[in-house]
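Chains as they are written, first to last, in the numbering used here: chain A, 1 to 161; chain B, 1 to 295.
Worth flagging that the hints you see were computed from the coordinates, not collected in a lab.
Beta carbons: idealized from backbone N, C-alpha and C, even for Gly.
Among the hints, erroneous ones may be present.
Said to hold, decoys possible - A partial selection of chain A residues facing chain B, derived with a Cβ cut-off under 10 Å:
| hint | residue |
| --- | --- |
| 1 | V17 |
| 2 | Y25 |
| 3 | Q42 |
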Amino acid sequence: MRVTFTANGKPVEADDVWEGESLLYVLRERVGLPGSKNACEQGECGSCTVYLDGTPVCSCLVAAGQVQDREVRTVEGLAEDDGELGLVQQAFIDAGAVQCGFCTPGLLVQTDALLANDAQPSDNDIREALSGNLCRCTGYEKIMDAVRLASARTCAKAVSE
Amino acid sequence: MEFLRPATWDEALAAKAEYPTALPISGGTDVMVEMNFDVHRPSAILDLNRITELTEWSNDGGVVRLGAAVPYTRIINELSGPLPGLALASHTVGSPQIRNRGGVGGNLGGASPAGDAHPALLAAGRDVFVEACSVRGTRMIAIDDFYVGVKRNSLEQDELIRAVHIPVADGPQQFSKIGTRNAMVIAVCAFGFALHPKNGTVGTGIGSAAPTPRRAVEAEEYLQGVLAERGLWESGDLLGTEVIQRFGELVKAAASPIDDVRGTADYRRHSLAVMARRTLTWTWNDYSKQIRSAA
Chain A
1 MRVTFTANGK PVEADDVWEG ESLLYVLRER VGLPGSKNAC EQGECGSCTV
51 YLDGTPVCSC LVAAGQVQDR EVRTVEGLAE DDGELGLVQQ AFIDAGAVQC
101 GFCTPGLLVQ TDALLANDAQ PSDNDIREAL SGNLCRCTGY EKIMDAVRLA
151 SARTCAKAVS E
Chain B
1 MEFLRPATWD EALAAKAEYP TALPISGGTD VMVEMNFDVH RPSAILDLNR
51 ITELTEWSND GGVVRLGAAV PYTRIINELS GPLPGLALAS HTVGSPQIRN
101 RGGVGGNLGG ASPAGDAHPA LLAAGRDVFV EACSVRGTRM IAIDDFYVGV
151 KRNSLEQDEL IRAVHIPVAD GPQQFSKIGT RNAMVIAVCA FGFALHPKNG
201 TVGTGIGSAA PTPRRAVEAE EYLQGVLAER GLWESGDLLG TEVIQRFGEL
251 VKAAASPIDD VRGTADYRRH SLAVMARRTL TWTWNDYSKQ IRSAA
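With the sequences and hints as input, model every part of the structure.
Put into structure tokens, the structure is as follows:
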């Protein structure tokens, strides 16, 4: 079947999609957006987290046909229009929160969603928000630092604007 | 495989009648796992995402009618007042991403004994009904008649779950679940408990410790008897350790768990007794406070 939807603001079209196929597979293999990672395929790891109509979800658990005519935003869509890294992406680099990098795309999207809702989350809020994202390098402390840094920069930006 | 995308509820019912073996999908948090691991190849997938009424709820003051696809995140944020037990259970489901997609309709449709919503629904009283629809009409299935076997429910092949009707809480409710960590846990076992002071009853629900979610009927009857005989609903006085202990033992006796990868039958029985004692203590403390502050 054919599935058409919006990915990072641009219309995309995928052909020959199998009816049982996941959104994650379509993103990675059919429309050239391999940023979202495929690890567990059962919603355990969060590496494939994307926005679907503004809500963060595991793209491995969304059937491709379900996104017809809907809006998807992936980790690629977190960068600025000029290709510069987004605030959350830069904070992860600056805090050294990227080790092997496999879990990073999901953590970036989930962090972006957290800060959009609450620019100053407590440590408990951060842990809860990221509880569905596994890091096997166990860089969780650096990840916490990165989210705190992104939070501080988001607040500073809001003040300066 | 077909991919069916009805735009309206009537179209969905017509599609389910035409393709009775079609697998309904909403949040996809169970269905897509089976698909990704090739556990299940249904003849057709019936996507319910376009039917927005399934993501709506209403509250007439006495009963909440909860659309089958209202995501757990919204149950937590919007319904913790009228449905405290279900909101607590919802908070233990998967992760934020999973709670953004999954809902009670999928829990009921899958009818896994480990589904987190089931103990809360069973504990919420005898007036919990599943609204099951087909082209032939609508049936209200009492929650006590809904679960019929391991991952089997009493839906007919042409029926879809539209909503669940749950009485608004008239007393404290609790939910407790055992797992290896706080997130992304399939219950080793779980327990839901509710006080219903208006009609002098209590509700229980056991998860992951029998072929189906089930109540601990003897435990309910024992506790109701004690509360009535001693006038505790009126006084809000302490229950005493003997009553709490006995309640825990009766809940434990109501389970028929198995040994599996998540835990042993013995551990499940033991932890059920602990959870029963704790949830009873927590809810009764809350109730006592309400009585005292009203006096």
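Verification of the hints:
1. V17: Constraint on V17 (chain A) satisfied, holds at 9 Å.
2. Y25: Result: holds, 9 Å to nearest chain B Cβ.
3. Q42: At 4 Å from the nearest chain B Cβ, Q42 (chain A) passes the 10 Å test, so the hint holds.
In terms of the numbered hints stated before, the structure departs from none.
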